[in-house]
Amino acid sequence: MNETPTNGSGPQPVVRLRDIHKSFGSNHVLRGIDLTVHKGQHVVVFGPSGSGKSTLLRTINLLEVPDSGSVWFDGKEYGPGIDGEELPKGKARLLRQEIGMVFQQFNLFPHITALDNVALALRRVKRIARPEAELRAATYLDRVGLLDKLAAYPGQLSGGQQQRVAIARSLVMGPKVMLFDEPTSALDPELVGEVLAVMRSLAESGMTMVVVTHEMGFGEEVGDLNIFMDDGVVVEQGGRGIYKDAHEPRTREFLRSIL
Amino acid sequence: MSGVLAQATFRPEFIWDNRDIFLDGVWLTVRIALVAFALATALGLIVALLRMSKSWIVGPIMASYVNVFRAIPLLVFVLFVYYGVAIHFSFSISAIQAGVLALTLQYSAWLGEIFRGGIQAVPDGQRQAAMSVGMSRPQTFARVVMPQAGRIVTPPTGNMFIGMIKDSSLVYIIGVPELLRVSNLLANRTFRYFEVYLGTVIVYLILTTAVYFLFKYIERRFQLVDVLTSKVRSPFARRRAGQLRRLQEAVTAARDTESTVRLATE
Ligand SMILES: Nc1ncnc2c1ncn2[C@@H]1O[C@H](COP(=O)(O)OP(=O)(O)OP(=O)(O)O)[C@@H](O)[C@H]1O
Ligand SMILES: [Mg+2]
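Chains as they are written, first to last, in the working numbering: chain F, 2 to 260; chain G, 3 to 268.
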C-alpha cells in the first residue's frame, strides 16, 4: 500500500528495509519486515511488548545485524552483507554517524558532564578540536533548553532533562534520520511533556524520524505513517486515522488495551 | 640469658637505633609490592578481557586460570614457584623475581575477577549509546566503559593493594630480604623480639594506612561536581567555570543573530 518506487522520480527514500528477518536463538523476532522512510517523513511504530519494535529500530542503524534481508540508507546498501559475508568493519560506523538514536533509558554517560556528553562524538568521531566541539555542543544544549545545565552531570538532572541532553547528543552529529525508542516511557508523567515538546518541534523543523512510542496523541499529531507491529510482522499501517478506525482486529484490540 | 633480660626491659629506642635495617627491608617490600601490583593489574585486565571473550575455548581457559591461582595458598605457591619450579628446572631467576612472579600470578587472578565484574557492571545501554553516535569499539571501551568500570573497581582494588603489601611478606620464606625477613634476622641476632616485631607491625601499619588514604583520595577525585554551581573552588574548577560561562555567553549572543531552530521554549 505504502510502497513507493525507489527509482524514477518519486521522493527519495532515506531508510529502506527489505524483507528483514532476525532471530535470537530459536526466537524468530522479525519475520519479514519492509519499511521505507522518506525524507522528512515521521514514522510512528507501536505494538505490544516483545513484538520486535526495538529490534526493528536497532536494525536501521545496524546495532542489530539482521539474518537476512537488506538495509539501505540514502541510496546505499549497508547490510547485512552480500551472501552472508561479514559486514565490512567501519561501514556500520559510517551509517551510525548519520543516524541519531534516543533510548528509553536515556543512556547518558554518567561520568562526564552534559556538555561532554554532547561533545564526545564530535571530538572522537568527527575529530573536531575541543573549543569548536564545545561551542557546537553548547549550541545544541541551548536548543533543547539546557544551556544553563551544561556543567551538570547526568545524575544531577531530572529524567526529562537527561532525555533532552540525549536528544542533543544525537542531533549535534547532524543526522539525516532520528530514531526514538520509547523516549518517554521511563519518565515520570509530569516530565513527558517537555520531551514530547522537543520532539514535536524537531518534527516541525523537517527532521526525518522513526519513533517507537505508546503516546498515541503524538502519533495522531505528527505520525505521517503509523505502523502496528505484532509478533515480528507489520500487521497494519496507515495515516493519522489509524488510531480512530483501524481495520485489523489485532490493532483495534491493542489500541483498546492501552487506553 | 640476654633473651630473658631483653624481655624484662622494654627499650623502644631499639627500633629507632636499627632504623637502617628496617628501612632496607621496607624499601624492598615497597618495591616488590609496587612491581607485583603493577604487573598483576596489567595481567588482570588481560585476564578480565579474555574471560569475556566470545570464543568457546578462551573463556573457559581463563576461568580455569582464575580458579587455579585463587585456590593455592600463597605461601605454598611462593615455595612452589621458587624451589619447585625455578630451582628444580634450573631457571636462572632470583628469589625476588620468583616472589614477584608468584604474587603477580595470584593477584592477577583476583584482580581479573574484580575488573571483569566492574566492566560487566557498566550497563549495555552505555555501549549502545556510544556506538549509536559512531564511536568504534576501542573508543567505546576507552572513553565510556573503562572510566565507569574504573570507578566501580577502585575500592576493591585498593583493598587488593593493601593485601599485596601484607602478602609480600610471605616471600621471606625463600630468603628475600624484605621487611619481615630482615626483622626475623634482627630478632634472632639480638633476641629483642618484642621491639623488633613491634617495629615491623608499626611499619606495615604505616604502609597500609598510606595506601588507604591514597585510594580515599582517588575516590574523592572521582566525585562529580558541577563547577558552575558547587562551592568547591580549586584553581582548576574556577578556570573551567570561567570557560563555561564564556561559552554560555557566546551561545546566548549567537542565539539572536542566528536563525537556528530552538526545540524547547523556556
Ligand atoms: N539481545 C537479545 N538477545 C536475545 N533476545 C533478545 C535480544 N533483544 C531482544 N530479544 C528478544 O526479542 C523479542 C523482541 O524484543 P524487542 O525488544 O524488539 O521488543 P519490543 O517490541 O521493543 O518490546 P518492548 O515494548 O517491551 O520494548 C523479545 O522476545 C526479546 O526477548
Ligand atoms: Mg523495546
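Just so you know, the hints here were simulated from the structure itself, not pulled from any lab data. Please note that a few of the clues may not be correct.
Here are the simulated EDC-like cross-link-like pairs (lysine to aspartate or glutamate), alpha carbons at most 20 Å apart as the crow flies [claimed, not checked]:
#1 F/Lys92 x F/Glu78
#2 G/Lys233 x F/Glu65
#3 G/Lys56 x F/Asp35
#4 F/Lys177 x F/Glu191
#5 F/Lys77 x F/Asp117
#6 G/Lys56 x F/Asp149
#7 F/Lys40 x F/Glu205
#8 F/Lys245 x F/Glu216
#9 F/Lys177 x F/Asp75
The structure displayed is predicted, hence computed values, not measured ones.
Any of the earlier hints contradicted here, and which numbers? 2, 3, 4, 5, 6
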